[in-house]
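Number of protein chains: 2
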Amino acid sequence: MDKFLREALDEARKGYCEGGIPIGSVLVKDGRVIGRGHNQRVQKDDPMAHAEIDCLRQAGRIGDYHGTALYSTLMPCHLCAGAVIQFGIKKVFAGESRNFAGAQDLMRRLGVEVIDLDDPECAALMRRFISEKPELWNEDIGSSA
Amino acid sequence: MDKFLREALDEARKGYCEGGIPIGSVLVKDGRVIGRGHNQRVQKDDPMAHAEIDCLRQAGRIGDYHGTALYSTLMPCHLCAGAVIQFGIKKVFAGESRNFAGAQDLMRRLGVEVIDLDDPECAALMRRFISEKPELWNEDIGSSA
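Chains as they are written, first to last, in the working numbering: chain A, 1 to 145; chain B, 1001 to 1145.
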């Protein structure tokens, strides 16, 4: 497995062990992880703390996102794609999109290179979580109504 | 001025007084404010804490966003528009878009009703801030490179 995706998956597993939504993310620049995070909806009662948002928050006020790549274990949703677009992150690696197609079309249309690594471990963890806690998953993507 | 926009502007002014970026937001449901916030980039060193994100975070895990309307003193950027789209908020009121056009076209294309209130007080506060701290403004919208 890609070494950065492995780090994102480590974050996702941390989230799973905490009783949270197992999606993890790392931000990479010049071959180095400069931010990492995982979904914190449950842990921090924060509906905006998707994995990618938590990761970008943790990376801090870097100001310039040129040359960065965002890894996530799952294809980013519109919220996280919005962050990618607004801050000019030009490359996104997704662990999988089997369980959620996300906003990949929008990102591509707006010039982001989106690479779907279609990783079976990422897909298996997410599939397991969705089958265990479907209400929580629906809440996280705004489909709870 | 619209009473909810007034509350969003109160939030923006709080931010200005704290030395932050003066953008405020409230979330409204059934004629009642259920969340409020303002940009916290400076105050919390959090690059993801745009006003609308801070407001939605503060509203908590409401799960179902049907019937809500999001007010912001400034037209939402792609990050905040992404939250609107992902969580199914169908109505957005912007205090102004003179200083920043934001992602209004995207929101409209994806079925969000966007109302630009074109308020002179909102526009004046933002214009003043941008002229005082242009670097901070550019950082907040990802144009610092």
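Please note: incorrect hints may appear among the correct ones.
To be verified - Estimated spans, in silico, between C-beta atoms of each pair: (1) Pro120(A) <-> Glu1018(B): 45 to 51 Å; (2) Arg6(A) <-> Ala1101(B): 37 to 43 Å; (3) Asp2(A) <-> Glu1132(B): 40 to 46 Å; (4) Lys44(A) <-> Lys1091(B): 25 to 31 Å; (5) Glu132(A) <-> Ala1124(B): 34 to 40 Å; (6) Glu121(A) <-> Arg1013(B): 46 to 52 Å; (7) Ala1124(B) <-> Arg6(A): 19 to 25 Å; (8) Glu1135(B) <-> Asp2(A): 31 to 37 Å; (9) Asp1002(B) <-> Lys44(A): 29 to 35 Å; (10) Asp1064(B) <-> Leu110(A): 42 to 48 Å.
What the hints assert, rightly or not - Only pairs whose alpha carbons sit at most 30 Å apart, straight line, appear in this in silico DSS-like list of lysine-lysine: (11) Lys29(A) <-> Lys14(A); (12) Lys1029(B) <-> Lys29(A); (13) Lys1029(B) <-> Lys1044(B); (14) Lys1133(B) <-> Lys90(A); (15) Lys1090(B) <-> Lys133(A); (16) Lys44(A) <-> Lys1044(B); (17) Lys133(A) <-> Lys1133(B); (18) Lys90(A) <-> Lys1044(B); (19) Lys1014(B) <-> Lys90(A); (20) Lys1029(B) <-> Lys91(A).
Said to hold, decoys possible - Short, incomplete list of chain A residues facing chain B, as computed with Cβ under 10 Å: (21) Tyr16; (22) Ile34; (23) Val42; (24) Asp46; (25) Pro47; (26) Arg57; (27) Ala69; (28) His78; (29) Gly82; (30) Arg108; (31) Gly111; (32) Ile115; (33) Leu117; (34) Gly142.
Hints listed in this document are in silico derivations from the structure and should not be mistaken for laboratory results. A quick note: this is a predicted structure, and the numbers were derived from the prediction, not measured. Quick reminder that beta carbons are idealized off the backbone N, C-alpha and C, glycines included.
Cross-check of the supplied hints:
{"no.": "1", "hint": "Pro120(A) <-> Glu1018(B): 45 to 51 Å", "verdict": "holds, 48 Å"}
{"no.": "2", "hint": "Arg6(A) <-> Ala1101(B): 37 to 43 Å", "verdict": "holds, 40 Å"}
{"no.": "3", "hint": "Asp2(A) <-> Glu1132(B): 40 to 46 Å", "verdict": "holds, 44 Å"}
{"no.": "4", "hint": "Lys44(A) <-> Lys1091(B): 25 to 31 Å", "verdict": "holds, 27 Å"}
{"no.": "5", "hint": "Glu132(A) <-> Ala1124(B): 34 to 40 Å", "verdict": "violated, 52 Å"}
{"no.": "6", "hint": "Glu121(A) <-> Arg1013(B): 46 to 52 Å", "verdict": "holds, 49 Å"}
{"no.": "7", "hint": "Ala1124(B) <-> Arg6(A): 19 to 25 Å", "verdict": "violated, 51 Å"}
{"no.": "8", "hint": "Glu1135(B) <-> Asp2(A): 31 to 37 Å", "verdict": "holds, 35 Å"}
{"no.": "9", "hint": "Asp1002(B) <-> Lys44(A): 29 to 35 Å", "verdict": "holds, 32 Å"}
{"no.": "10", "hint": "Asp1064(B) <-> Leu110(A): 42 to 48 Å", "verdict": "violated, 29 Å"}
{"no.": "11", "hint": "Lys29(A) <-> Lys14(A)", "verdict": "holds, 23 Å"}
{"no.": "12", "hint": "Lys1029(B) <-> Lys29(A)", "verdict": "violated, 41 Å"}
{"no.": "13", "hint": "Lys1029(B) <-> Lys1044(B)", "verdict": "holds, 27 Å"}
{"no.": "14", "hint": "Lys1133(B) <-> Lys90(A)", "verdict": "holds, 27 Å"}
{"no.": "15", "hint": "Lys1090(B) <-> Lys133(A)", "verdict": "holds, 27 Å"}
{"no.": "16", "hint": "Lys44(A) <-> Lys1044(B)", "verdict": "holds, 16 Å"}
{"no.": "17", "hint": "Lys133(A) <-> Lys1133(B)", "verdict": "violated, 46 Å"}
{"no.": "18", "hint": "Lys90(A) <-> Lys1044(B)", "verdict": "holds, 26 Å"}
{"no.": "19", "hint": "Lys1014(B) <-> Lys90(A)", "verdict": "violated, 34 Å"}
{"no.": "20", "hint": "Lys1029(B) <-> Lys91(A)", "verdict": "violated, 37 Å"}
{"no.": "21", "hint": "Tyr16", "verdict": "violated, 19 Å"}
{"no.": "22", "hint": "Ile34", "verdict": "violated, 12 Å"}
{"no.": "23", "hint": "Val42", "verdict": "holds, 9 Å"}
{"no.": "24", "hint": "Asp46", "verdict": "holds, 5 Å"}
{"no.": "25", "hint": "Pro47", "verdict": "holds, 5 Å"}
{"no.": "26", "hint": "Arg57", "verdict": "holds, 5 Å"}
{"no.": "27", "hint": "Ala69", "verdict": "violated, 16 Å"}
{"no.": "28", "hint": "His78", "verdict": "holds, 4 Å"}
{"no.": "29", "hint": "Gly82", "verdict": "holds, 2 Å"}
{"no.": "30", "hint": "Arg108", "verdict": "violated, 14 Å"}
{"no.": "31", "hint": "Gly111", "verdict": "violated, 12 Å"}
{"no.": "32", "hint": "Ile115", "verdict": "violated, 20 Å"}
{"no.": "33", "hint": "Leu117", "verdict": "violated, 22 Å"}
{"no.": "34", "hint": "Gly142", "verdict": "holds, 4 Å"}
In terms of the numbered hints stated before, the structure departs from hints 5, 7, 10, 12, 17, 19, 20, 21, 22, 27, 30, 31, 32 and 33, listed from lowest to highest.
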